[in-house]
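Given these sequences and hints, build the entire structure.
Residue numbers (the numbering used here), protein chains in the order written: chain A, 1 to 467; chain B, 1 to 467.
By construction, these hints were calculated from the structure, which means they are not laboratory data. On a predicted model such as this, the values are computed, not experimentally measured, just so you know. A hint or two may mislead.
To be verified - Beta-carbon label-pair distances, calculated as ranges: (1) A:P180 <-> B:T340: 42 to 48 Å; (2) A:G87 <-> B:I182: 35 to 41 Å; (3) B:I273 <-> A:R108: 36 to 42 Å; (4) B:S279 <-> A:S244: 52 to 58 Å; (5) A:K210 <-> B:G153: 56 to 62 Å.
As the list claims (entries may be wrong) - So, partial list: chain A residues that the calculated Cβ filter (under 10 Å) puts toward chain B: (6) D15; (7) P113; (8) I280; (9) T425.
Said to hold, decoys possible - Using 16 Å as the maximum straight-line C-alpha spacing, the simulated EDC-like pairs for lysine to aspartate or glutamate come out as follows: (10) B:K210 <-> B:D431; (11) A:K40 <-> B:E288; (12) B:K40 <-> A:D285; (13) A:K210 <-> A:D460; (14) B:K402 <-> B:D155; (15) B:K402 <-> B:D460; (16) A:K40 <-> B:D285; (17) B:K40 <-> A:E288; (18) A:K402 <-> A:D460; (19) A:K402 <-> A:E79.
Ideal placement from N, C-alpha and C gives every residue a C-beta, glycine not left out.
Protein chains: 2
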Amino acid sequence: MDDTLDTGVSFIHGDPIAPVILGVTSILLFAVIGRFAARKLGQPTVLGELLMGILLGNIAWYLGIDLITVLREGPQVFEVVHQTLAGTPIDQVAVTIFGSETGAEIVRIVTGPQGGEVMQVAQTVDVFSRYGVIFLLFMVGLEADLDEMRQVGADSIRVAILGVAAPFALGFAAVTLLLPNIPLNSNLFIAATLGATSIGITANVLQEMKRSRSREGHIILGAAVCDDILGLIILAVVSGIVVSGSIDIAEIITVIVVSSLFLVGAVSLGPAIVRFSASIMGRLDIVEAKMFTSYLFVMVLAWAANLAGLATIIGAFAAGIVLSDSFFSDYELAKKRTVTIRELIMPLEVILVPIFFILMGIQVKLEAFMSWPVISVAAGLLVAAIIGKLISGLGARRPVSKLIVGIGMMPRGEVGLVFAAIGRTLGVIDDAIFSAIVLMVMVTTLAAPPLLKLAIHAQDRREATVD
Amino acid sequence: MDDTLDTGVSFIHGDPIAPVILGVTSILLFAVIGRFAARKLGQPTVLGELLMGILLGNIAWYLGIDLITVLREGPQVFEVVHQTLAGTPIDQVAVTIFGSETGAEIVRIVTGPQGGEVMQVAQTVDVFSRYGVIFLLFMVGLEADLDEMRQVGADSIRVAILGVAAPFALGFAAVTLLLPNIPLNSNLFIAATLGATSIGITANVLQEMKRSRSREGHIILGAAVCDDILGLIILAVVSGIVVSGSIDIAEIITVIVVSSLFLVGAVSLGPAIVRFSASIMGRLDIVEAKMFTSYLFVMVLAWAANLAGLATIIGAFAAGIVLSDSFFSDYELAKKRTVTIRELIMPLEVILVPIFFILMGIQVKLEAFMSWPVISVAAGLLVAAIIGKLISGLGARRPVSKLIVGIGMMPRGEVGLVFAAIGRTLGVIDDAIFSAIVLMVMVTTLAAPPLLKLAIHAQDRREATVD
Chain A
1 MDDTLDTGVS FIHGDPIAPV ILGVTSILLF AVIGRFAARK LGQPTVLGEL LMGILLGNIA
61 WYLGIDLITV LREGPQVFEV VHQTLAGTPI DQVAVTIFGS ETGAEIVRIV TGPQGGEVMQ
121 VAQTVDVFSR YGVIFLLFMV GLEADLDEMR QVGADSIRVA ILGVAAPFAL GFAAVTLLLP
181 NIPLNSNLFI AATLGATSIG ITANVLQEMK RSRSREGHII LGAAVCDDIL GLIILAVVSG
241 IVVSGSIDIA EIITVIVVSS LFLVGAVSLG PAIVRFSASI MGRLDIVEAK MFTSYLFVMV
301 LAWAANLAGL ATIIGAFAAG IVLSDSFFSD YELAKKRTVT IRELIMPLEV ILVPIFFILM
361 GIQVKLEAFM SWPVISVAAG LLVAAIIGKL ISGLGARRPV SKLIVGIGMM PRGEVGLVFA
421 AIGRTLGVID DAIFSAIVLM VMVTTLAAPP LLKLAIHAQD RREATVD
Chain B
1 MDDTLDTGVS FIHGDPIAPV ILGVTSILLF AVIGRFAARK LGQPTVLGEL LMGILLGNIA
61 WYLGIDLITV LREGPQVFEV VHQTLAGTPI DQVAVTIFGS ETGAEIVRIV TGPQGGEVMQ
121 VAQTVDVFSR YGVIFLLFMV GLEADLDEMR QVGADSIRVA ILGVAAPFAL GFAAVTLLLP
181 NIPLNSNLFI AATLGATSIG ITANVLQEMK RSRSREGHII LGAAVCDDIL GLIILAVVSG
241 IVVSGSIDIA EIITVIVVSS LFLVGAVSLG PAIVRFSASI MGRLDIVEAK MFTSYLFVMV
301 LAWAANLAGL ATIIGAFAAG IVLSDSFFSD YELAKKRTVT IRELIMPLEV ILVPIFFILM
361 GIQVKLEAFM SWPVISVAAG LLVAAIIGKL ISGLGARRPV SKLIVGIGMM PRGEVGLVFA
421 AIGRTLGVID DAIFSAIVLM VMVTTLAAPP LLKLAIHAQD RREATVD
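Next up, the structure:
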C-alpha cells in the first residue's frame with residue numbers, strides 16, 4: 001500500500017505535459033532541420049523530412065532511444081497497451097504482434113519506469129501525424145478546383161486513368177513475379193500505392209519554369225486531381241477487400257458505389273451545411289466563425305467517411321473540395337476583415353504535416369533492406385512506378401509533349417506515403433514493403449524535378465530549331 | 001492464442017484516429033455551442049464554455065458516458081494506466097487513487113472492450129487542453145507590453161501587489177476558518193488562486209465603453225500584467241512548497257530567485273535566440289519561418305521552465321513577452337508579405353483553448369456541492385475573492401475611481417482556472433475545492449462587466465453634476 005502511494009507521488013514531479021512537449025518538439029525540430037536542408041539544396045521539402053526521419057529512426061534506434069524504438073514499430077504498438085489493459089498478459093500480446101525479439105524490447109520499454117510516459121509521447125506523435133494527414137488532404141482538396149478540371153477535360157481524364165492503371169498493372173506484375181508467395185491483399189495494396197500522384201512537386205517545378213499555364217501544365221494538374229479522386233476510390237476498394245478478406249465482385253461494386261455516393265453527397269449536400277454553419281456563426285468573430293466551420297466540417301466528414309467504411313482522408317479531401325471562402329464573403333464584407341481558410345488551416349498544417357513525414361521516415365527500417373528479395377522488390381516497384389507513369393503521358397492526345405506529361409505525373413510525394421501508412425495500419429504492408437515503398441516515393445519525387453527541367457529544355461531547343 | 005489474434009483484428013475495422021476525431025470534435029462542438037450562447041447573451045466566452053462543460057460533465061456522467069466519466073476524474077486517471085502497465089494490478093491502483101466506488105468504475109471502463117480507445121481519446125483531449133493553456137499564456141504574454149507597463153508605473157504595481165496580497169490573505173483566513181483540518185499546502189494553493197486577474201474580460205468592457213485609454217484603464221491593464229508575473233512567481237513558490245513538502249525559507253528564496261532568473265534570463269537572452277533563429281530560417285517561406293520560430297521557442301521555454309522546477313505556463317508566458325513581429329521585419333520587407341505571430345498562433349488557440357475551458361467545466365462535480373462545508377467554503381472564497389480585489393483599488397493614488405480599478409481587477413477568468421488546474425495536477429486541490437474555485441471564477445467573471453458598467457455610469461453622472 002505504502003509502495004503504491006509512493007509511485008503515485010512520481011506524478012507530481014512536474015507538469016505531465018513536459019515529456020510530451022520534449023518528445024514532440026524534438027521530433028518537429030528534426031523535421032524542420034530536414035525541411036530546411038531540402039530547401040537549401042533546392043529539393044522538395046518532403047524529401048528532407050523523410051530522409052531526416054530515416055536517419056533519426058535508424059541511428060536513434062541503434063543508440064537505444066526508447067521513444068524512437070516505439071515509434072518505429074508503427075501503430076500496432078498501441079495495440080499492446082490496449083490489450084494489456086484489457087487483461088491479456090503484456091508479453092503474450094507483444095510476442096504475438098512483433099515476434100520474440102522486438103516483442104521483448106517493447107515489453108521492456110512499456111513496463112519500464114518511464115513506460116507510461118514514452119507511450120504517451122509516442123501516442124501524441126501518432127495522433128498529431130494523423131491529424132496532419134487529414135489537414136494535408138484537406139489542403140489538397142482545397143486546391144482542387146472542380147470547375148477548372150471540367151475545362152481541361154478528356155486529356156486529363158485519360159492521363160489520370162492511364163496513370164493509375166499502368167502503374168497498378170506493372171506493380172502487380174512485378175510483385176507477383178518477385179514475391180510469388182505474397183497474399184493477394186498485400187499485392188493489391190502495394191499496386192494501388194503506385195498509382196498516386198503528388199500534384200505539389202510538379203506544380204512547383206512548372207511554376208518555377210513558368211509553364212503552369214502551358215497545355216502540358218494544365219493537363220498534368222488536371223490529371224493529378226482526377227488521380228487523387230481515382231486513387232481514393234481504389235484505396236477504398238482495396239481496403240474493402242482487405243477488411244472483408246475476399247475479392248467479391250458485389251463487395252467491390254458496393255465500395256465503389258459507397259465512395260462515389262460519399263463524394264457526390266459531400267459535394268452536393270456539403271455547400272448547404274457550410275452555408276448554414278456560416279450563417280449561424282454570424283455572432284462570432286470572423287476568424288472563429290471560419291475556423292470553427294472549417295475545422296468541424298473537415299472532422300465530421302473525416303469521421304463520416306470512416307463510418308461509411310472509407311478512409312478518413314477521403315472525407316478530409318471531400319471537405320476541401322466543398323469548402324471555399326466564398327461562403328463567408330457577405331459576412332467578411334460586413335466585418336470588413338478578410339482571412340482565407342487556407343491562411344487559417346496553414347498553421348496547423350505547418351506544424352502537423354512535418355510530423356507525419358518524419359514519422360514515415362522513422363518507420364523505414366534500413367535493416368529490412370539487408371535481404372535480396374527486399375532489394376529486388378524495391379527495384380521492381382521503382383521500375384514499375386517510373387514506367388507506369390511515363391505510359392500515362394500517352395493519354396494526352398493534343399499536340400503536347402507526352403514525355404513532359406509523363407514525367408510530371410511521376411512524383412508520388414505525400415499521397416503515396418499516405419496510402420502506404422494506411423496499408424500499414426491495416427496490417428497488409430509489412431516493414432520491408434513499407435521501406436521499399438518509401439524508397440520508391442523518394443526516388444520518384446527526387447528524380448521528377450530534374451528530369452522535368454531536362455525535358456522542358458529539350459522541348460525549348462527543338463522549338464527554337466523549328467523556328 | 002487464437003483469442004489474442006482475434007482481438008488484434010479489432011484494430012483494422014477502421015482508421016484508429018476515427019474514435020479520437022469523434023471524441024475530440026464532439027467536445028469541441030459543445031464548447032463552440034457554449035461560446036456561441038455566451039456571445040449571444042453578451043457574456044465572456046469563457047463562461048459559456050465553462051457552463052457547457054459543467055452541464056456536459058454532470059449530465060453525460062449521470063447517463064454513464066464512459067469518456068466523460070474518465071475526463072471528469074482529471075489527470076490522475078492516466079496514472080492508473082501508467083501504473084498498470086508498470087505491473088501493479090489495476091484495481092489496486094484505481095482504489096488507492098479514487099477510493100472504492102469511483103475506482104471500480106474506472107477499472108470497468110479501462111479494462112472494458114473499448115477501454116483502450118476511451119483512454120486514448122481522453123488522453124488526447126487532455127494533451128490538447130494542456131497545449132491550449134500553453135498557447136493561452138503565450139498570447140497573454142504576447143499582449144503584455146513591457147515598455148507600456150513601465151510608463152504606468154507605481155500605481156499599477158501597488159494595485160497589483162495589493163490585488164495579489166489581499167485576496168491571498170483573505171482567502172487563507174477564510175479557508176483556515178471554514179476547513180480547519182485542511183493541509184497547509186492546499187490552503188496556500190487555494191489562496192494563491194484567488195490572486196489571479198484576467199486582463200481579457202476587463203479590457204473588453206473598457207474598450208466597449210471607450211475607457212481603454214482612461215487613467216483607470218491604464219492602471220488596470222498595467223496591474224493585470226504585473227499581476228500575471230507576480231501570480232506566476234507565487235505559483236512557483238507554492239508549487240515548490242507542495243513538491244518539497246515543507247515550508248522552508250531557504251527553499252522559498254530559491255524558488256523566487258529561480259523564477260526571477262528564469263524570467264529575466266528569458267527576456268534578456270531570448271531576443272538573441274529569436275534573432276538567430278529568424279536569421280537562419282531565411283531560406284523558408286515567411287509563414288514557415290515565423291511559425292517554426294514561434295512554436296519552437298514557446299515549447300522550448302515551456303519545457304525549460306519545467307526543468308527549472310517552474311510551471312510550463314511560466315515559460316510560455318515568457319516566450320510571449322520576448323517574441324514580437326519586429327524580429328522578422330527585414331525579412332518580411334524582403335519577401336513583401338506580412339503575417340503576424342498573433343495571426344499564426346490564433347488558429348491553434350481557437351481550437352485548443354475552448355477544449356481547456358470545457359474540460360475545466362467537465363471536472364466540476366456538482367454533487368460535491370451537496371455538503372455544507374463545501375458550500376460554506378465556496379461562499380467564503382467568493383467573498384474573499386471579491387473583497388480582496390476591491391481592496392486592490394486602494395493602491396491607486398492618482399485621482400481615479402478606486403472602485404472602478406477594484407472592480408476591473410475582479411474577474412479571475414482563464415488565469416484562475418489555469419492555477420486551479422495545476423493544483424489539481426499536483427494533487428493539493430481535490431474535487432470539492434476545485435468545484436468551489438470554478439464557481440468563484442465564474443461568479444467574479446460574470447459579475448465584473450455589469451458592475452464595471454454601473455460604476456462607470458455612476459462616475460459619468462457625478463462628473464456631469466460637477467460640470
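Hints, verified against the model:
Checked against the hint of 42 to 48 Å, the pair A:P180 and B:T340 fails, with Cβ atoms roughly 59 Å apart. The given range of 35 to 41 Å is respected by A:G87 and B:I182, whose C-beta atoms sit roughly 39 Å from each other. Checked against the hint of 36 to 42 Å, the C-beta distance between B:I273 and A:R108 comes to roughly 37 Å, which is consistent with it. Checked against the hint of 52 to 58 Å, the pair B:S279 and A:S244 passes, with Cβ atoms roughly 56 Å apart.
Checked against the given bound of 56 to 62 Å, the beta carbons of A:K210 and B:G153, roughly 59 Å apart, stay inside it. A least Cβ separation of about 5 Å between A:D15 and chain B falls short of the 10 Å threshold, and the interface hint therefore holds. At a threshold of 10 Å, the smallest CB-CB gap from A:P113 to chain B is about 7 Å, leaving the interface hint in force. For A:I280, the interface hint holds, since its Cβ comes within 10 Å of a Cβ in chain B; the closest pair sits about 8 Å apart.
With its C-beta approaching chain B no nearer than about 7 Å, A:T425 sits inside the 10 Å limit, and its interface hint holds. Our distance criterion of 16 Å between C-alpha atoms is broken by B:K210 and B:D431, whose separation comes to about 40 Å. Using a Cα cut-off of 16 Å, the hinted pair A:K40 and B:E288 holds, with the two alpha carbons roughly 14 Å apart. Proposed proximity of B:K40 and A:D285 is supported: the alpha carbons are some 12 Å apart, at most 16 Å.
Restraint check for A:K210 and A:D460: the C-alpha separation of about 13 Å stays at or below 16 Å, so the hint holds. The straight-line distance between the Cα atoms of B:K402 and B:D155 is roughly 11 Å, inside the 16 Å bound, and the hint therefore holds. A C-alpha spacing of about 15 Å is found between B:K402 and B:D460, which places the hinted pair at or below 16 Å, so the restraint holds. Simply put, A:K40 and B:D285 have alpha-carbon atoms about 12 Å apart, close enough for the 16 Å limit, and the pair holds.
This hinted pair checks out: B:K40 and A:E288 have alpha carbons roughly 14 Å apart, not beyond 16 Å. The suggested pairing of A:K402 with A:D460 holds, with an alpha-carbon distance near 15 Å, which does not exceed 16 Å. Pair hint A:K402 plus A:E79 does not hold up; C-alpha atoms about 47 Å apart against a cutoff of 16 Å.
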